[in-house]
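There are 2 protein chains.
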Amino acid sequence: MASNRQKEIALAAVKLFEQKGYHATSVQDIADEVGLQKGSLYHYIHSKEDLLLQIAHEAITEFNDNLQAVLDTDMSAPEKLVKAVENHITVSVSNMETTTVLLREAFSLGDPQHQVIQDLTDKYVDLWTQVLEEGARSGEFHVREPKVVALAILGACNWVYRWYRQSGQLTPSQVARVFSDMFLNGLTSDNHPGVQQ
Amino acid sequence: MASNRQKEIALAAVKLFEQKGYHATSVQDIADEVGLQKGSLYHYIHSKEDLLLQIAHEAITEFNDNLQAVLDTDMSAPEKLVKAVENHITVSVSNMETTTVLLREAFSLGDPQHQVIQDLTDKYVDLWTQVLEEGARSGEFHVREPKVVALAILGACNWVYRWYRQSGQLTPSQVARVFSDMFLNGLTSDNHPGVQQ
DNA sequence: TAATTGACCAAACAGTCGTTTGGGATTAGA
DNA sequence: TCTAATCCCAAACGACTGTTTGGTCAATTA
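Residue numbers (our numbering), protein chains in the order written: chain A, 1 to 197; chain B, 1 to 197.
Watch out, some of these pointers could steer you wrong.
Which copy? The list can't say, so a pair holds if one copy fits it or any two copies do.
To be verified - Simulated crosslink set (DSS-like; lysine-lysine; CA at most 27 Å straight-line):
| hint | residue 1 | residue 2 |
| --- | --- | --- |
| 1 | K83 | K147 |
| 2 | K48 | K20 |
| 3 | K123 | K48 |
Calculated directly from the structure, the hints in this document are not laboratory data.
Construct all of the structure, not just a fragment, from the sequences and the given hints.
Below, the structure written as structure tokens:
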């Protein structure tokens with residue numbers, strides 16, 4: 001139901017919101033990017049804020065769906081954690097602009113729009129916490145504060161958009177492996193993976 | 001040299017930037033907060049942007065100085081890491097408003113002002129990386145990608161301002177301990193601290 | 001062919017923005 | 001006492017904001 005023009009406008013908005021930030025991007029900027037008069041945009045969007053809400057909503061929903069899919073498998077807890085980290089980093093790097101808008105600009109939404117995103121974000125933390133609680137129950141993880149640990153892991157992953165560059169040394173998967181290796185084995189532990197394919 | 005009024009204005013700005021964001025805060029808002037006409041503020045500040053720069057600069061400088069002080073001690077690498085995490089989280093929680101402005105709003109600075117903060121932030125990452133490289137050299141840490149691991153730890157710590165509430169269960173020090181326990185020992189390792197005082 | 005719809009423009013709306021200016025007060029120094 | 005600096009106000013500056021309105025043109029439908 002979303003026309004080409006609507007997608008085009010959303011893409012332009014993502015690009016500009018990422019480059020300049022939500023407030024520093026004017027409706028005029030978006031109109032210029034797609035080659036329309038700014039008034040004409042209002043045939044496709046309800047408001048500038050609604051545009052941001054849609055972008056953020058789509059982004060957080062993808063993260064949630066991916067993590068729920070991992071939880072629904074019969075993997076072990078450590079396997080789930082590795083897979084979840086891999087998913088999160090892969091998705092956030094390959095949709096870097098959208099992820100940046102979600103993590104950096106969603107705060108600019110007023111109520112009640114902001115609450116929609118906040119609720120979905122809370123849900124995401126919940127799912128991560130479930131992974132850790134599962135491992136705690138099975139004895140695979142030693143975790144006394146599953147939620148705090150979940151927030152630590154999520155924080156590390158959500159920081160990636162701030163520093164990852166395509167031109168860098170490591171692929172998203174390699175970064176994910178460095179991350180989950182530390183989360184699972186720690187820095188001082190002995191059982192670290194050797195060189196493997 | 002900074003007068004009372006200047007400090008008062010800076011404090012008002014921090015409070016409002018944290019609550020509403022930099023762009024959503026008008027010079028009028030700040031003037032109202034300190035009980036002046038907005039034009040009168042310009043006897044104390046060069047520009048709204050300069051106000052943000054000062055706030056961010058002071059914040060990142062404190063983080064840098066603290067971490068440098070830890071590096072200058074003769075602690076072991078694991079001890080330095082624990083201390084650095086403790087410092088970072090304690091500081092960011094007790095100056096939550098300022099930290100939020102640094103981490104969330106500094107992006108709104110235009111060049112070359114943004115580059116000043118970026119350089120100091122890069123320096124901070126460097127210092128963290130040094131901690132890890134030290135541990136790698138001494139054999140205390142098993143780290144193949146010290147910089148990526150530093151960014152992981154820093155990400156976890158820099159996310160705290162997004163979720164920590166004074167009303168929550170854990171003190172900043174307790175959160176720091178959960179964090180560094182995972183960083184050092186991992187979730188699957190056996191040598192976790194028991195209940196200790 | 002006639003009527004209707006959707007896409008789009010140009011202009012206006014009603015503000016708000018950060019910053020500058022010129023001039024009163026009040027205070028401090030010479 | 002005269003001078004100079006400091007503090008602050010009131011007003012204006014020009015530019016820009018997101019959104020609405022009325023209308024034109026082409027394509028689609030009946």
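Self-check item: Violations among the numbered hints
Solution: Failing hints: none at all.
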